[in-house]
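Visitor: In case you want the letters, here they are:
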Amino acid sequence: MTDTSLPAARETIRRVREDPYRLGHRPHGPREPIEGTGQGVTGPASKRVIVGYGFWIFLLSDIVMFSCFFAAFAVQRGATAGGPGIRDLVEMPRVALETAALLLSSYTCGLSFAATNARNLLWTQVFLLVTGLLGLAFVGMELQEFISLASRGITPQRSGFVTSFFGLVGLHGLHVTIAGLWLLTMMAQVQVKGFRPEIVHRLICFNLFWHALDIVWIGIFTIVYLMGAIA
Amino acid sequence: MSELDFDPRRYTDSLDDREDHAPGDEPAEDAGHWISNANLGLGFSVLLTVAAFVLASTHLIYGPSIPVALLVLAIAQMGVHLVFFLHITTGPDNTNNVLALAFGILVVFLIVTGSIWIMAHLNHNMMPMDQLMQNQP
Numbered sequence: 001m002t003d004t005s006l007p008a009a010r011e012t013i014r015r016v017r018e019d020p021y022r023l024g025h026r027p028h029g030p031r032e033p034i035e036g037t038g039q040g041v042t043g044p045a046s047k048r049v050i051v052g053y054g055f056w057i058f059l060l061s062d063i064v065m066f067s068c069f070f071a072a073f074a075v076q077r078g079a080t081a082g083g084p085g086i087r088d089l090v091e092m093p094r095v096a097l098e099t100a101a102l103l104l105s106s107y108t109c110g111l112s113f114a115a116t117n118a119r120n121l122l123w124t125q126v127f128l129l130v131t132g133l134l135g136l137a138f139v140g141m142e143l144q145e146f147i148s149l150a151s152r153g154i155t156p157q158r159s160g161f162v163t164s165f166f167g168l169v170g171l172h173g174l175h176v177t178i179a180g181l182w183l184l185t186m187m188a189q190v191q192v193k194g195f196r197p198e199i200v201h202r203l204i205c206f207n208l209f210w211h212a213l214d215i216v217w218i219g220i221f222t223i224v225y226l227m228g229a230i231a
Numbered sequence: 001m002s003e004l005d006f007d008p009r010r011y012t013d014s015l016d017d018r019e020d021h022a023p024g025d026e027p028a029e030d031a032g033h034w035i036s037n038a039n040l041g042l043g044f045s046v047l048l049t050v051a052a053f054v055l056a057s058t059h060l061i062y063g064p065s066i067p068v069a070l071l072v073l074a075i076a077q078m079g080v081h082l083v084f085f086l087h088i089t090t091g092p093d094n095t096n097n098v099l100a101l102a103f104g105i106l107v108v109f110l111i112v113t114g115s116i117w118i119m120a121h122l123n124h125n126m127m128p129m130d131q132l133m134q135n136q137p
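If you read the protein sequences in the order shown, they are chains A and B. Take the first sequence: its letter number 61 is residue 61 in full-length UniProt numbering, and every next letter is one higher. Take the second sequence: its letter number 24 is residue 24 in full-length UniProt numbering, and every next letter is one higher.
Wrong hints could be hidden among the right ones.
[Said to hold, decoys possible] Just so you have them, the derived chain B footprint on chain A, three or more residues with Cβ under 8 Å:
hint: 1; stretch: 51-57
hint: 2; stretch: 62-73
hint: 3; stretch: 90-99
hint: 4; stretch: 112-120
hint: 5; stretch: 208-218
[Claimed, not checked] Among the chain A residues that face chain B by a calculated CB cut under 8 Å, a handful are:
hint: 6; residue: R48
hint: 7; residue: L103
hint: 8; residue: S106
hint: 9; residue: Y107
hint: 10; residue: I204
hint: 11; residue: T222
hint: 12; residue: L226
hint: 13; residue: M227
hint: 14; residue: A229
hint: 15; residue: I230
[Stated by the list, open to error] Residues from chain B shown here face chain A by an in silico Cβ test under 8 Å; the list is partial:
hint: 16; residue: L42
hint: 17; residue: H81
hint: 18; residue: L86
Derived from the structure by calculation, the hints contain no laboratory data. Ideal placement from N, C-alpha and C gives every residue a C-beta, glycine not left out.
Input sequences plus hints: build the corresponding full structure.
Guide: Okay, structure coming up:
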């Protein structure tokens, strides 16, 4: 900048320099703020940060939606209308398998992003494929569970409790299904387009989504299944 | 401006250790860092999950305390996922992410506890009609 720059701007920069924690200005060491940290003085953040942050906001709103279903489940838990209770619905071995599948898929998803950062196409694809297969196994087991429940006459219209159960668990299963379709799309895009910045941005978002689904599943297997088993 | 030693033109296009970070993202590093993070995340998660399933299916601890123990394990595991898989940290580059998360948790808390609280009161106040009739003088 030249000497014609505004005094106010110099004041801002001085304030930044004097902020002992340099919040948002990055340097953990004795380095200076740079353009692109997204903190006012230095201009907008890079697209990678904006995309990831925006998707983080969406994920939180998605979790808020899940919390509504959790609240409905908690409220309707006793509304069995003389029908089956939560203990009649829980099959521990299947829940354990589902949890293992989803947890492992979260792990392989993290590994796929490690491979993405190393710009290794083969391992990215391999780990994405494993992630997808584990997710498919999860959805398959859940469908099997729903079918076996339905064959015992336990369908959503039986009682308020069963409705909230199918609503909560089914919503999560739907999310995993859609995430699986997204995963296939990403595999195709990575294969065809390579590690272009926008593809990497989408992979970041996909990773976030998949891990968030696992977080929601932690809530479901704890509150619905494990607490149901000991009810 | 030169005396301030600040050069706004030093713009770096790639994500490095001087920018804010999106959740799930970190400065470009070798893959080893990501793999060790994933390993740690998996290790802790397996421990906590197995603990939860064992507590729920055995009588290792006092029965009425099991739900509390399960909740604690679940929250711990969510924390593990946030830290090791979503890479949410307490660093200054993560301030925005943590603030958004805090607001999300606040809304979730309000929805869940508010619903349970209000509906418990409603249930309590809405006695079945026959009981209500009996209670009439």
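Visitor: Does L86 of chain B meet its interface restraint, that is, does its C-beta lie within less than 8 Å of any C-beta in chain A?
Guide: 5 Å, holds
Visitor: Regarding the hint that H81 of chain B lies at the interface with chain A, is the smallest CB-CB distance below 8 Å?
Guide: 5 Å, holds
Visitor: Hint check: is the beta carbon of L42 of chain B less than 8 Å from a beta carbon of chain A?
Guide: 4 Å, holds
Visitor: Taking 8 Å as the limit, does the beta-carbon of S106 of chain A come near enough to a beta-carbon in chain B?
Guide: With Cβ-Cβ at 6 Å, under 8 Å, it holds.
Visitor: Within the stretch 62-73 of chain A, is the number of residues with a Cβ closer than 8 Å to a Cβ of chain B three or more?
Guide: holds (count 7)
Visitor: Establish whether the coverage given for the stretch 51-57 of chain A by chain B is satisfied; the threshold is a Cβ-Cβ distance below 8 Å, and no fewer than three residues must meet it.
Guide: Result for this restraint: holds, n = 6.
Visitor: The hint names M227 of chain A as touching chain B; please verify it with the least Cβ-Cβ distance against 8 Å.
Guide: Holds. Min distance 6 Å.
Visitor: Holds or violated: is there a CB of chain B closer than 8 Å to the CB of L226 of chain A?
Guide: 4 Å, holds
Visitor: For the restraint on L103 of chain A, tell me whether the closest CB of chain B is nearer than 8 Å.
Guide: The hint holds - L103 of chain A has a Cβ within 8 Å of chain B, the shortest such distance being about 5 Å.
Visitor: Against chain B, is T222 of chain A within 8 Å by beta-carbon distance?
Guide: 4 Å, holds
Visitor: Is the coverage entry for the stretch 208-218 of chain A by chain B consistent with the three-residue Cβ rule at 8 Å?
Guide: As far as the stretch 208-218 of chain A goes, the hint holds, because 6 residues have Cβ atoms under 8 Å from chain B.
Visitor: Per the CB criterion, is I204 of chain A less than 8 Å away from chain B?
Guide: 6 Å, holds
In summary, the structure agrees with every hint in the numbered list given earlier.
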